[in-house]
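Whole structure, please, built from the sequences with the hints as guidance.
So the sequence lines, in the order shown, correspond to chains C and P. Position in the first sequence (from 1) plus 22 gives the number in our numbering. Position in the second sequence (from 1) plus 1342 gives the number in our numbering.
When the alpha-carbon atoms are kept at most 30 Å apart in a straight line, the in silico BS3-like pairs for lysine-lysine are as follows: (1) P:1530 <-> P:1415; (2) P:1534 <-> P:1411; (3) P:1415 <-> C:63; (4) P:1506 <-> P:1491; (5) P:1424 <-> P:1530; (6) C:63 <-> P:1411.
Since the hints were derived computationally from the structure, they do not count as laboratory data.
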Amino acid sequence: MSTVTSFRPRTRRNVELVLVLLAIAIVLMAYLNVGLAMDGKFPPDLVKYGFGLFVLSVGFHLVLRWRASYADPLMLPIATLLNGLGLVMIHRLDLAYGRTGSRLLEPKQLIWSALAVVLAAGVIIVLRDHRQLRRFTYTAMALGLGMLLLPLVPGIGRNINGSRIWIGIGPMSFQPGEVAKILLVIFFAGYLVQTRDVLSLVGRRFMGIGLPRAQDLGPILIAWLASVGVLVFEKDLGSSLLFFGVFVVMLYVATERRSWIAIGLILFCAGSYIAYLLFGHVQARVLLWLHPFSNQALAISDQLVKGLMGMAKGGLLGSGLGVGHPEFTYFPESDFIVPSFGEEIGLIGLFAMLLLYVLLVERGLRTALGVRDGFGKLLAVGLSFSMALQCFVVVGGVTRVIPLTGLTMPFLSYGGSSLLANWSLVAILLRISDQARRPLPDSEELAAASSAHTQVVRIQ
Amino acid sequence: MNKPIRRVSFIVAVLFCTLLFSTTWIQFVTAKSLDNRPGNRRTLLDSYSRERGAILVAGSPVARSVPTKDQLKWVRSYPQAKLYSQVTGYYSFTYGAGGGLEGAADSLLSGQSDKLFYRRVLDLVTGKPPAGASLDLTISPKAQEAADKALGDQRGAVVALNPKTGAILAMVSHPQYDPSTLSGHNLKSVQKAWKALNADPGRPSVNRAIAGDLYPPGSTFKVVTAAAALSSGKFTEESQIPGPATLDLPQTSTKLPTDDHQPCGPGDKTTVTHALEISCNSAFGWLGMNLGSDALRTQAAKFGFGDALRVPLRVEPSTFPAKISQAGTAQAAIGQYDVRVSPLQMAMVSAAIANKGTVMSPYLIQDTRNSSLDVIDQTQPEQLSQAVTPDVAAALTRMMVTVVQSGTGTPAQIPGIQVAGKTGTAQNVKGGNPHAWFMAFAPANDPTIAVAVVVESGGHAGSEAFGGTVAAPIARAVIEAVLKP
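Structure representation (structure tokens):
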């Protein structure tokens, strides 16, 4: 059966609003839960807190209504929920440590959240079309590499927890790798969309897989060298894995050649193994990963062990927010915020949290499928996959899937750079999704302008 | 580009499934073993926030949890300070539970034991804060205090048993320590006490009665040799055996002399009874060689040597050497060479003879009570083995009575009560003073208490020490405390 329709996808903005309100409600319940469990009374700043959260997220929602009305309706509620739960955990740890005044982390995180949401709204307003970003391909490369290497500059680079991925100017410290992540994805997308035709040429075939030509291996080798450099000089396996992984996956999507993934995996494994043989700090990380309970490992650090014990104590249902002891672990509000949640909301709560990330990434990938231009596809895949890989590196690190690294969990962990970067990342994804879901501007006009002789017919 | 994008979503799914698996592995599959890892502060804190069961002696607590106002909610207190230190052990927030029942019966005291499962479910339903089980001990405070007082500041150990049941009536090991110095919540003072305890050359944390370095039993082992001799059927109490001033040992130049370098009887002959009465080394050395090391080892094993007992404290198994020469057998027969025993083991030998040859499993916990003091578990006396026949036990009893009446053990005499006993003076390291031993039971016709005493390096008497002079009065004091009204 075929009918003549003026098909117009729904904006789903109302769904988004309801979900945002639901997310705020969940966060406020968690906040109330912490207050009752730890102080035994109704937290007096609950209303103020709820109002702030409401203004920020509903404000962002209104910006979307105004400037990106077809944007994906799930991303904002998920980001709001994760950011809010992170705030609750940081608040809860402030209480546990008895922090007061300027040492309180939660107000700082709240200010960073506000700045990050404003920045994200700014991105939506200023960036009318994601294709504008393509113009900055090489600027993004230069900035991204600069950001990535900034911590190595003497004077401003800082060694924190054995990784050199921080810069500090005065009292401010910043993880430039978070921002570099977005810039490099923009560069990869712009670069690959230009060169994909060349890179997808098949050289000789080996075991049924078409290998690329030797002269086309240049880009992947450069990316590999850069990521090995990050591993060796910044002592950060997480960032290294993140950048190289994202590059390889984007290369694969651009060229549709699986051989790139195989080459990337081999290169990464070889690089890691060589680094393991050559560098003591890599060996220490591997020892902590494989034998965290051995005496040699405990002499280096018992952070991972403490996190594991916290998660184990949480069990299936968790101790309840405010009842466990996440403060026994070091950095429970940043690198180890996932074990903190595991202890207090249990395996079931942690599953729900991980599924929120899955949903967020899945919406991003769906956007990549839906958007029509190659640059947009690559950008959306790159941003979504970087989010997924970062979650994997962080949670995998604290649960002994891979060696522990110093990355932060998107939206949850304490840290301004992480919040700014991830909210901006979501803003770009929202912008692309608006393009992806927006009906073709000319289809209706075309229909309206059509004479009686021609019609646009959709067959459903 | 849509096909690879769909594949990427598959990769993402694999990544997240790995995380779901790894978190499940930690929080569900291996959660319990992580909880039980040593040094898990959360588990310790958990057990501290719950009322730990008390350890009771004759109805009054020797270890109990007292509520505090700090974060840990309960602090462990030991009202008798040192007296029960090796029995209770310590319970420390910093160093965990150990040293005695606190460690050995931790799951009961903390309420984690599977035996308390039904109770825990009930508590969960009724919303009652979970509490641990209390342990009612078999210790008789009178015997414990008497042993503690009689041992004084000498190093050594005293164990008293009820021969009919195996219930431990006294378990004292000197020197002692005060476990409450370790149970406080002041980290600094606890650390200081812990360091001092471990640096003490007298090693107060060691329970010499069951788990110290084992001692050579000296002449008290002659009772085991005598038991083997009578059980072999080749000898009776009155059998004439050689008892020269020195016994030549085959294949060596060493000789085995009697203590006073005199023959044990006219014509270098003596009876088995008289040999035990005066503790004749040459006669028992000869008996040992005549019976052979296998017979001695078998007899020792029947008394409990080599058994890894838990009372529920772990008892270091006593040993009889595995392979020895004839000369070595002669020395082992008088409790030298490589024979090593715990005081509890010698108390068990004494108790077995008192109990018609039957060895009862020793135990410390009479019953286990829940937080409302209802009995949830009661220890039933159990037979460990049959060491000798009732006839042999009766003969050995008669022989041990003569030891106290007219032999080396006269200081153990109690007016109105017939005591059976055996002394021991065990050569220790070369040049060091000998350990003084005494084992006994009373009343001889219907025994209700069996005791073993060891005083390290002769105690105050030093090189002049004999089992009869140093250890026998301590045993007498314990027996008197229990039997005299």
